[in-house]
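If you follow the hints, you should be able to join the two separate chains into one complex; please do so.
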Amino acid sequence: MSATTTSAEAVARVRLVRRRTARRGRLIVAVLTVVLLAAFAARVLLGDYLVTVPDLVRVLSGENLPGTSFVVLDSKLPRAVGAVLAGAAFGLGGALFQTVLRNPLASPDIIGIGAGASAAAVAAIVLFGVTGGWLAVWAVVGALGTGLAILLLAGPRSGARLVLIGVACSAALVSVVQYLFTRASLYDAQEGLLWITGSLNQAAWPGLGRLAVEVLVLVAATAALAPRLAAAELGADSAAGLGVPVRGVMPLLLVGVLLTALATAVTGPIAFVGLIAGPLSRRLNRDRVTLPGAALVGAVVVEISDYIGAYAVPETNLPVGVITGAVGAVVLIWLIARDPSRRRA
Amino acid sequence: MTTRLNTSRLVADAVRLGYGERTVVDGLSLHVPDGQVTAIVGANACGKSTLLRGMARLLAPASGGVLLDGELVHRRPTREVAKVLGLLPQSPVTPEGITVADLVARGRYPHQRFFVRRSSQDDEAVARALELTGTVDLAERCVDELSGGQRQRVWVAMALAQETELLLLDEPTSYLDLAHQVDLLDLLHELNAERGTTIVMVLHELNLAARYADRLVVMKDGGIVAEGPPAVLTEQVVEDAFGLRSRVVPDPVTGTPLVVPIGRRHQHSHQHSHQQAHEERERHRMIIEEVRVARRERLSPSFVRVELTGQGLAELGVDGPTYDQRIKLVFPGAAGTLPRLEAGPPGEYSWYSDWQALPEAERGHMRTYTVRDLYGSGEARRLVVDVVVHPAHDPGDVGPGAAWAEQVQPGDAVVVVGPKIGVDWGGIAFAPGTADDLLLVGDETAVPAVAAILGQLPADARGTAYLEVPWVEDIQQLRAPRGVEVVWLSRCGEAPGSHVVPALRRHLGLGGDAVVERAENEIWDEPEVPVAAGRYAWIAGESGVVRTLRRTLVSEAGWDKGEVAFMGYWRIGVAMA
Ligand SMILES: Cc1cc2nc3c(=O)[nH]c(=O)nc-3n(C[C@H](O)[C@H](O)[C@H](O)COP(=O)(O)OP(=O)(O)OC[C@H]3O[C@@H](n4cnc5c(N)ncnc54)[C@H](O)[C@@H]3O)c2cc1C
Numbered sequence: 001m002s003a004t005t006t007s008a009e010a011v012a013r014v015r016l017v018r019r020r021t022a023r024r025g026r027l028i029v030a031v032l033t034v035v036l037l038a039a040f041a042a043r044v045l046l047g048d049y050l051v052t053v054p055d056l057v058r059v060l061s062g063e064n065l066p067g068t069s070f071v072v073l074d075s076k077l078p079r080a081v082g083a084v085l086a087g088a089a090f091g092l093g094g095a096l097f098q099t100v101l102r103n104p105l106a107s108p109d110i111i112g113i114g115a116g117a118s119a120a121a122v123a124a125i126v127l128f129g130v131t132g133g134w135l136a137v138w139a140v141v142g143a144l145g146t147g148l149a150i151l152l153l154a155g156p157r158s159g160a161r162l163v164l165i166g167v168a169c170s171a172a173l174v175s176v177v178q179y180l181f182t183r184a185s186l187y188d189a190q191e192g193l194l195w196i197t198g199s200l201n202q203a204a205w206p207g208l209g210r211l212a213v214e215v216l217v218l219v220a221a222t223a224a225l226a227p228r229l230a231a232a233e234l235g236a237d238s239a240a241g242l243g244v245p246v247r248g249v250m251p252l253l254l255v256g257v258l259l260t261a262l263a264t265a266v267t268g269p270i271a272f273v274g275l276i277a278g279p280l281s282r283r284l285n286r287d288r289v290t291l292p293g294a295a296l297v298g299a300v301v302v303e304i305s306d307y308i309g310a311y312a313v314p315e316t317n318l319p320v321g322v323i324t325g326a327v328g329a330v331v332l333i334w335l336i337a338r339d340p341s342r343r344r345a
Numbered sequence: 001m002t003t004r005l006n007t008s009r010l011v012a013d014a015v016r017l018g019y020g021e022r023t024v025v026d027g028l029s030l031h032v033p034d035g036q037v038t039a040i041v042g043a044n045a046c047g048k049s050t051l052l053r054g055m056a057r058l059l060a061p062a063s064g065g066v067l068l069d070g071e072l073v074h075r076r077p078t079r080e081v082a083k084v085l086g087l088l089p090q091s092p093v094t095p096e097g098i099t100v101a102d103l104v105a106r107g108r109y110p111h112q113r114f115f116v117r118r119s120s121q122d123d124e125a126v127a128r129a130l131e132l133t134g135t136v137d138l139a140e141r142c143v144d145e146l147s148g149g150q151r152q153r154v155w156v157a158m159a160l161a162q163e164t165e166l167l168l169l170d171e172p173t174s175y176l177d178l179a180h181q182v183d184l185l186d187l188l189h190e191l192n193a194e195r196g197t198t199i200v201m202v203l204h205e206l207n208l209a210a211r212y213a214d215r216l217v218v219m220k221d222g223g224i225v226a227e228g229p230p231a232v233l234t235e236q237v238v239e240d241a242f243g244l245r246s247r248v249v250p251d252p253v254t255g256t257p258l259v260v261p262i263g264r265r266h267q268h269s270h271q272h273s274h275q276q277a278h279e280e281r282e283r284h285r286m287i288i289e290e291v292r293v294a295r296r297e298r299l300s301p302s303f304v305r306v307e308l309t310g311q312g313l314a315e316l317g318v319d320g321p322t323y324d325q326r327i328k329l330v331f332p333g334a335a336g337t338l339p340r341l342e343a344g345p346p347g348e349y350s351w352y353s354d355w356q357a358l359p360e361a362e363r364g365h366m367r368t369y370t371v372r373d374l375y376g377s378g379e380a381r382r383l384v385v386d387v388v389v390h391p392a393h394d395p396g397d398v399g400p401g402a403a404w405a406e407q408v409q410p411g412d413a414v415v416v417v418g419p420k421i422g423v424d425w426g427g428i429a430f431a432p433g434t435a436d437d438l439l440l441v442g443d444e445t446a447v448p449a450v451a452a453i454l455g456q457l458p459a460d461a462r463g464t465a466y467l468e469v470p471w472v473e474d475i476q477q478l479r480a481p482r483g484v485e486v487v488w489l490s491r492c493g494e495a496p497g498s499h500v501v502p503a504l505r506r507h508l509g510l511g512g513d514a515v516v517e518r519a520e521n522e523i524w525d526e527p528e529v530p531v532a533a534g535r536y537a538w539i540a541g542e543s544g545v546v547r548t549l550r551r552t553l554v555s556e557a558g559w560d561k562g563e564v565a566f567m568g569y570w571r572i573g574v575a576m577a
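Chain order of the listed sequences is G and F.
Numbers 1 to 345, taken from the UniProt record's numbering, label the letters of the first sequence in order.
Numbers 1 to 577, taken from the UniProt record's numbering, label the letters of the second sequence in order.
Next up, chain F with everything else stripped away, as it sits in the complex (with noise of 0.2 Å):
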């Protein structure tokens, strides 16, 4: 799993608020991960608002305390908490007849020094908080005029002109409607990811919440009922917090926890109908199977091919194209065993969650990999999968999967997780639409994705593909359209991006040079299917050079956000599932 040093900023400590006589949370403790997105949900009257305001410093605890940098964010000047902590509340008041531009220029008022009302800081301020937000084009309209999707992001803009950086946000997606719910939670998710902003919303959509939060904290009676990554969220938690019965299965889109209500209506015939029971099963239901090595062979310094079979893979695939499909492997841990993932109660189907829920050392591990190849059929089915072996960085963190690619032998079992044929489980993020230029750029992790993409794409396909790869022997025979160039670039010992950033821009027409960045945090995003026919770029590889790819594209060379989907694979320093 992640091993990331949580550091908390912010923390609850045993804290009692309420209104007047009525205690709403009592004795609460919550440390807030720096630099990552907690969503707090719970039933309506849980107290969740009423946390998020005491951390807010809008409520003074009657006892116990909220620590901001370890001071008590009660008694630090309130101005100066204004600085570091932002907040959204539930219901701002527009005030009549207000501009955009002149809303969010009251978020610099901590900022503003005694009669020194406008400086050129707070008008660049309030510039990035509209460009961050998409609002720039609405900056002269008046507030009142907009509509419910464009006035929460006029909103957030406002918050984040303050430039802290921690932001709590209480409800921020009620009353809008599903499309801006997703676009507003984007957002967030983005200011996240760019500027490293530690964010704490409550929010009322429990799948969203679990989609787009590092950490969930779920709520009952003002008390905390389960904390931690999404996956915290099974059937029991569900029912402790909302009373609610129902079924947790894989999000088909993230493979996060879905929550499906049971409802009174359908409680009966649930329980009763086995065939029906297994008929759910069935339609939710991924390839989760045991397999084993048929072939091992090293292609390169960097790449080991491995070859999969077994009788679970008869299912295995998607309708269609392969192209970029992400399929999740799982090698044996400590205990030298693989877990059973199918195994459990009937009626459990959260595989993930059941896998977390395992001990460290029969839990083995999980990592991403690219379906490079999918052929044959019935029990002669193969799955193809090319490992990139890394060069560990120091004895104690050897990559599981480079490891175990380096020595895994025919015969040898792994679990495959991955989509079901006739099952829309999603893990496709090339999504071209009807773009006809296309830019594929990715190291050597993406290299499986891209030569499987290559590979499949219509025959009149055009464009161009960039890969960088540790060796000069790494370079791989590809089978691609006429039409689409593939430039190989390999980075002999230099580090990651070295050779493909300043590749990226020079086919950009762009000049100068550009630092590759640092990941703090993981990203990922697939925007939605372009609309008009156009130019469709797809980045993937280490977080830090994807950032920086991106950044050049969209920052520099106007690329639309939609127009690229990005995607980090790895970081380095940090181990991955």
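Just chain G, with the same shape it has in the complex (with noise of 0.2 Å):
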């Protein structure tokens, strides 16, 4: 230990630590951004419909083309931007939860909170006939009702306790939803098992405008809140310690909830996007959570996956949730492979 160290230089070491880790945290942020501005352009211009970048700046400036005017504007255009909006929201919501409770597990989409926003749609659509707007309502109210009833039974202290009552209410709820498919007409499941899935087909200006303020006031809610965040990453008591209770950190999940409500009243719930948007933006940064690596992540893997969906099989639309969740099987899997050996005490 050299001990000769003096303050000026300890401070100028300090500086340079920390700087360097909030560049690289810009810095991620930065080439994520680039990835997705790429995969919306290639959205919104590639496909079965080409797109030249002259014709989108004339639609866009209000001319009016003949077919490309109606493809952009309502269709590819509304996809690209919902992709954008929900992932980031599934993803930004996820990463906090998966933070707050510190369990890579613990996301919305796994403790059912997506399951509620199902089961209340499906009992909508089934039940009471209900179509459009009113079905966004529907699943706002089950999922954050499902949130809000698995953070009171299991409390945010323990995060292993919260992924298991989730994952049993998780499991009730699914239960509820086939025994509602039992009983629908043909119509009516169809439509419903098209809303579970997620899918981006029904993205709509209106309602993405919504989405969009709602979005942007949460993501501004969890920049405000973010500091309490890096306390409660310590353990429930050095956060205490530091001035962060437990009840500090609620507000944290209910904005997790709400994210993750709000998307999914637009396209469904898009599965495991919320599970591997965290994760996978932690490997970009060294193991460090970082809040906006996770929603551009999110943000990029449905605007790809829709892409992909859309285009894949040959004159099938495969909805934008059949691939995610494929991809978040894998991703699921690996990421229990590596938990055990990666964890220290």
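The set of hints was computed from the structure by calculation and includes no laboratory data.
There's no promise every hint is true.
What the hints assert, rightly or not - Reference listing, derived: stretches of chain G covered by chain F, where coverage requires no fewer than 3 residues with Cβ under 8 Å from a Cβ of chain F:
#	region
1	223-237
2	270-279
3	287-300
Glycine included, every Cβ here is placed at the ideal spot set by N, Cα and C.
Right, dumping it as structure tokens:
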């Protein structure tokens, strides 16, 4: 141990390390933003119906090009924007849960918030014949209700407990959904099935505008609450010692539930995005949590998955949830396999 | 004894704490003395961690209250509390992939304002915390990669970055090996000494607790069994709190209580073999003897030389040079009699707690001195002590040691507590190892020690000694190796340290001046023997001066802490045993 470091040197060293951490965070955000823009552009310009950049500019500046205008404004663009918003919301919501509860499995889609939305939406379709905007309201209420119920049952202290209770709730809700299907007409069943798989087919402007505002507000709330997250990461006791008691992290979980619920209302539960965005963004950031990273990874994953879903199989338009479900399952297995060896006391 | 005004910012007032239905701590009250180190000990599940959690506001009391600066801690805004009261919990969670600097910076949370995440103040606090814990060199490392000892230091640093005046720690040494335990406790001790931080820690290791705490709180079944200076740790208390029979003997290194468990396996033989008991007693014993003054000589205005003689001195001493060997003298108290320290039921060898248990008037006064010389053998053995007679600051505050030396007559009795030949009792701080460049610095109370050290060093030793005494007449003729330069400084009525501090700065080639600090606590640190040949400094005297000197050496001149032994022998305005 060299005891001769002067204070000024030590300060400079601390500053250097902390700057480096911050700079790496910014770099990751920048790179992911570029990737997202690329995916976004691909989604809008490429595919079965090619759009040239000049055409796109003309359409966006209000010119009416027969055919192109419709495809861009009513199909490609809303889907691409919806993918960004929903992906970011799922990714951020998932990362919030995982970080606060210090458990990579504790993401809203595993613990049944998606299932809650599904159960409510399917019930609305099958039992009451609800469609359109009201379906979203049902879904939000279902997701919020499930989220709050699980938080109340488990308490925010232990991630493991919450995961167990959440998985149980999720299973119960899935069986509710299945029961509802047995009573549904063929048409309703198909409608419901599409909804619970999660897809961007219904993405349309008024709904997306609302979602954009909601996501922005919730992102701002997350930014304001983020310092608490830094304390919460050190364990409940340390956090309380620093002045962030257990009840102080509840708002963060609430934001997570809201993000997931509101996005689900628009797109249905897109499987596994909330689960994998956090861990993937961590891998990029040398294992450090990065909330902006998680949001961007979520957006990229949904954007690319939707593109693949739309064009991978000719003549078929697979819902985005099918693709994320398949990819997510692999990531989940990888996460579980890798977890024990990485964890140290 | 130390007359210190004991105030408490943190108070537990008849608290009842528990989890759900289960009450763990019931109606317990505790005043945490400011500026001191308090250790809470007790058997598993006695409620010690629960008590700490209650005081740290992690657990709300079912009844009673925890007061911080007179206000209920649970009622105060928790973030405001976090600026005053820091906590290191038992098992904090290390976020994956975090660097040391980033982790420590999390301790700044209570001080950060909305959206102003990283200020230069924060960076400075983080750097200070890293320096205090000796972890600057780890700043960019990943916490996951560190060893257990390093990691624990980093966590302490994170609690320090919070810059609170009170710090609570829940078993900070668990999971550490012995060397790292001692290392960490040294660190906490230093923190307490240098920053005056009030420390409360739950500790598992009784003997370390007794050694490092100013105050012990022994708990059992959610209540307090004993509370007070480490000497409260008696065999009876150990039995009450832990259900364990033991011997409590003075720690050979520090003199604090050392608990030696007996256990079932050894109980039988212990109880029944008188011979064994006697042998054990012999082994642990030091000399505690009543002796007589043979001669008293006034050396100069500030020094009186006292020579002691008596049968009991025959075995006093150490194998090898005595250097700054310390002993204790016990003078008669108000009752005019000396305590009989050996008396007591057989099997009770804890002389210090025996002594403390005596009524004030019979106890006399105990003070620490240095063996200036030890000569003669058998019945003619003499112990020479040079006692500083210092001016009384006010008539009520005359030092008993100085007063005794002023009026003592040949034939008067005094009790000597000291090492017994062949027993490694400790009590020598001077340990230069293989260092070949010595620096000895002290005031008048350290003159006897420096004189003895210089007289016993090998002839080829090299170095410098600075001695500050009150008056020119106090300068003595010392025997010293040729290579050691002895510089005397007389302060002629000025404040202690006023001459020796500038002299040392000149010696080190440092410009400017240093303000002599006032010490809030006793300070004492004997580093381990330096491994490499090199320099070694030994500093003793008034605690504030010693602190200033040490800071000059370590912080300004860049000496390694391991190269500097520093000992506060006395403290302005405070009576010391
Ligand atoms: C390891 C060790 C070795 C020591 N060796 C020696 C030794 O060889 N000879 C020796 O004389 N002392 C020695 N001391 C110091 C001695 O123990 C203290 O000086 C002692 O506290 C003085 O006792 P006292 O009863 O005279 O005064 P105390 O009761 O301790 O103090 C009464 C008042 O007098 C003040 N006071 C104490 N000392 C001085 C002083 N020197 N000048 C001005 N004011 C003072 C105090 O601040 C206090 O206000 C040693 C101390 C230690 C720890």
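Taking the hints in turn, this is what the structure says about them:
1. 223-237: holds (count 8)
2. 270-279: violated (count 0)
3. 287-300: Since 3 is at least three, the answer is holds.
Comparing the model with each earlier hint shows a violation of hint 2 alone; every other hint is respected.
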